[in-house]
Amino acid sequence: MSVVSIAAAFLLAAGLSAGSAGSSRAEQLKVELIPSSGNPAAPHTGDALAFRAVIRNDGRTPISGVIAWISLLEVDPGKEQPVDLEDWSAQRAASLPGIAPGQTAETEWRLRLIQSGSYRISVIAAAPGDAVDRNFSHVMSPFVAFTVASRPTVETGRMLPIASGVPLVIGAMLLWRSARGRGRPPVSKDAGN
Amino acid sequence: MTGLANGRSEVLVELRSVEAWRGGATILRDVSLTVRAGEIYGLIGPNGAGKTTTLAVVVGLLAPTAGGARTLGLDPLGQAEAVRARTGVMPERGGFYDWMSAFQYLAFFARLYGFDPPLVEIGERLAHVGLSAPPDQPIGTLSHGMRQRLGLARALINDPSLLVLDEPTGGLDPRGRREVHELLLTLSHKCGIGILMSTHILDDAERLCDRIGIIAGGVTVAEGAVPELAKMGRDLEAPEQGGGDRYRLRLADRGMQSASKRLPAGVSVLDGEGDWWTVALASEHPPEMVWRELMSLGWPIREIQRLDSRSTNSNLERLYLELTKHTERQRAA
Amino acid sequence: MQDAVSAGRRHGERSAPYQPLAFRGALIIAGKESGELLLSKRGLLWLLVMSLVLSGFALLLISNTELGLLENAQVVYDMVGLVTSLGALLTLVVGADAIGGEHERGSLVPLLLAPLPRSALLLGKLGGQLIAWSAMLGIALPYLWAVGSTGQNLAAGIACLIILGTPVVLTFGCLGVALGARLLSARSALTIGLVVLILAASPMILGPGLRRTAIGVAFDWVNPFSAVLNATDAVVIDSEPLLTQTVPFAIALAWMLIALWYARRSISRLTGSPQ
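Chains as they are written, first to last, in my numbering: chain A, 1 to 193; chain B, 194 to 526; chain C, 527 to 801.
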C-alpha cells in the first residue's frame with residue numbers, strides 16, 4: 001500500500017469518524033409523534049388535539065440537552081405556510097432530561113384548533129450541545145396530518161332573539177311601571193290636603 | 194294655653210350657650226333652650242336666624258363648637274343612635290321615594306327603627322295623620338299636603354319621646370293645619386311627648402306652644418311661656434299709641450282735614466291717610482260708646498273695621514318684630 | 527283626622543329596649559336601593575339603555591358569522607370590557623345618586639336620622655350597587671352566551687368578568703358615593719366621576735403601541751380596568767388558567783379597598799347640609 005493511499009485511508013477514516021461523531025449524535029435520536037386516542041375524528045375549530053412525542057436514544061452514549069419543538073404547516077392549496085403557534089399552543093418547546101442509550105423520553109403537546117384548514121404537524125428534536133458543531137443536525141418525526149373543519153362562531157338564530165328580546169322585556173317592565181304610576185290620578189288638594 | 198302639662202318636668206332637650214359653625218360661617222352664637230316632656234316648645238325667628246341649625250344640633254347632625262347640648266339626657270353626637278331611636282324628626286324639606294307607596298315607605302322606616310308592623314297598623318298610622326291613600330298608590334302621585342302628612346307619620350313611626358318638627362304645617366290648608374294642631378296637642382298633653390317645633394307662623398306658635406324661644410342672628414333673644422312673652426310685647430307698645438284693639442275708620446269725606454281732631458279719652462290715632470284712619474282703643478272703653486263720642490266730636494264715620502281680635506297675638510308679633518328688627522336691618526344693609 | 531287620641535296610644539306600649547341595627551339596617555337599605563333600581567322608572571330606563579348598547583354591539587356581529595376562533599375570542603374579550611365599563615358607569619350613577627341625589631331630593635336627612643351607624647348606611651348603599659351590578663350581569667349573560675358559546679373559553683371569560691369585574695365596578699360605585707357625600711350633589715359627583723371613569727377606561731381605546739410606552743405600561747400596571755382587560759386577554763384569548771391571574775385580581779381588589787375607605791370617610795362627615 002502506498003503512502004498516499006494510507007494517508008487517504010487515514011483521512012477518510014478521520015473524516016468518517018468525525019462525521020459519525022457529529023451525525024451520530026443526531027442519528028442517535030429517533031422521534032415519533034403519536035396522536036392521542038381521544039382526539040376527535042373530525043375536529044372543528046375550538047376543539048383541542050393532544051399529541052405525544054416519543055424521543056428515543058438509539059445510540060451507545062447518553063445524550064443530554066435535548067430540545068423538542070413542534071412545527072405546524074398549513075397545506076391548503078394557495079395558502080401553504082408555516083403557522084405561528086402563539087395562539088395554538090401555550091407550549092412550544094420542551095427541554096428534555098438526559099436520555100440514556102436505548103431509553104426514551106416523552107413529552108405531551110396540546111393544540112387548540114384556531115383556524116379551519118388542512119395541516120401537517122411534526123415534532124423536531126435536537127441536541128445542540130455547548131460548542132458549535134458543524135455537524136449539528138436535528139431529527140424530525142414523520143408528519144401527522146389533520147383537517148380542521150370550520151364551525152360558525154356566531155349563530156344568528158341565537159343572537160337576534162336575545163338582541164331584541166332583552167330590551168323588549170325591560171321595556172315592557174318600564175311601561176308597566178309607567179302605567180302603574182299613571183293609573184291613579186293625583187289626589188287633589190280638596191280631597192284631603 | 195297650658196303651661197307645664199300634668200307636672201311632667203323631665204328635661205328632654207337642653208342647649209346651653211351653643212355655638213355652631215356651618216359652611217364656614219358661625220350660624221349659632223349663643224342659643225339656649227330647654228324642652229320638657231309633655232310640652233310644645235316653639236322656636237321662631239327670621240329666615241337665616243339659625244332655627245334649622247339649632248334643630249340639627251339637637252338631633253346630633255351637627256356638632257356644636259361651644260356650649261353644651263343634651264338630648265334625652267344623652268350626648269346627641271356621641272350617643273347618636275340611642276338618641277335617634279327615641280326621637281322623631283320631620284325636616285322642613287321633606288323628600289320621599291316617589292316609587293314607593295305610603296305603606297311601603299312607612300314599613301321601610303319602621304324596619305330601620307327595628308320593628309315590622311303589620312299592614313293594618315301602618316294603615317292606622319296613616320289614618321291618624323289624615324292620609325287616606327290606597328295601599329299601592331305611589332308617593333309621587335300624592336299632593337304636597339299629603340306628603341307633609343306622610344312626613345309626620347314617618348316622624349311618629351317609632352313612637353318617639355321627643356318630636357322635632359321643622360315647619361310642620363307648611364303647605365297645609367286651614368283644615369289640615371287645624372288637624373295637625375289637634376294631633377300635636379294630643380301627643381304632647383295626653384301622651385307626654387315633648388315637641389320642639391320651628392315655625393314662621395306666629396298663629397301656630399300662639400295656638401300650640403307652651404313656651405316659645407325667639408332666635409335672631411344665632412342668639413336666643415327671648416324665651417318663656419306665651420303669656421309672659423305677650424306681656425313683654427304689650428309693654429313694648431308706646432303709651433301714645435295706646436293699647437287694646439285697633440280699628441280702621443272710613444270717614445265720609447276729606448273734610449276731616451278741617452274737622453275737629455279732638456279725641457275722647459282712651460282713643461289714639463295710629464295712622465291716617467285720605468278717608469281711612471287707624472285708631473286704637475284702650476281695652477276698658479266699650480267700642481260703641483267710643484264711636485258715639487267720636488261722632489259727637491265731628492268725626493264723619495261711615496264704616497268701622499276691626500283689625501285684630503286677639504291682643505295676645507299682636508303683642509307676640511310686636512315682641513317678635515322688635516326683637517328681630519336689628520337682624521333684618523343688618524340683612525338689608 | 528280620625529281619633530287623634532289613639533294617635534299616641536302606642537306611646538309607651540312599645541317598650542322593647544333599643545337594639546342597634548347595623549347589619550340588618552344595611553340589608554334593609556340595600557333592599558330599598560334594589561327596589562329603586564329595579565322597580566322605579568328611572569332605574570329601569572338605565573337598564574334598558576344598557577341592554578340597547580349590548581344589543582347594538584351584538585347586532586354588529588350578526589353580519590359576520592364567519593369569525594375565526596381568535597376573532598370570536600376577541601369579540602368575547604371586547605364584550606367583557608364593554609360590560610365592565612357599563613357596569614362601572616351604572617354603579618357610578620347609582621353611587622352618586624345614593625347620597626348626592628337623595629340630598630337633592632330631600633330624602634337624605636330622614637335616613638341620616640335613623641338609628642343606624644354610618645357604616646351600615648354605606649354597606650346598604652353598596653349592597654344596592656352590588657344588586658345593580660348583578661342585574662347588569664344578568665342582562666349581559668345571554669349576550670355573552672350568544673356570542674361566545676361556540677368559541678373558546680367562554681366560561682373562563684365569564685368567571686373573569688365576575689371575579690375581576692366586581693371589584694372594579696364597586697370601586698367606581700364607592701367613588702360615586704364618596705363624591706356625592708362630599709359635594710351633596712349627584713350632578714357634580716357624576717361629572718367628576720365620569721372624568722375619572724373615562725381616564726381609567728382609556729386602555730380600552732388606546733392602541734397596543736401606546737400601551738407599550740413607558741407611561742402606558744406604568745398606567746397599565748396601576749389601572750383597575752387594565753387589570754380586567756389583561757386578565758381577560760390571558761384567559762379568553764391566550765387560554766391561560768384563571769388561577770394565574772392573581773396579580774390583576776390583587777390590583778382590582780386594592781383599588782376597591784381604597785375607594786371603600788374614601789367612601790367611609792366621606793359618609794362619616796355627613797350632616798345633611800353643606801359643611
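Treat each hint with caution, since some may be false.
To be verified - To give a feel for the contact side, a few chain C residues facing chain A, derived at Cβ under 10 Å: (1) Leu564; (2) Lys567; (3) Leu574; (4) Glu630; (5) Tyr669; (6) Ser675; (7) Asp746.
Keep in mind that the hints were calculated from the coordinates and are not lab data. Source: prediction; values computed, not measured. Note that the Cβ used here is the ideal one computed from N, Cα and C, for glycine as well.
For each hint, the structure was consulted:
1. Leu564: Holds - the Cβ of Leu564(C) comes within 10 Å of chain A, reaching about 8 Å at its closest.
2. Lys567: holds, 5 Å
3. Leu574: holds, 5 Å
4. Glu630: Status violated, d = 21 Å.
5. Tyr669: holds, 6 Å
6. Ser675: Holds, about 8 Å.
7. Asp746: violated, 20 Å
Consistency note: the structure conflicts with the earlier hints numbered 4 and 7.
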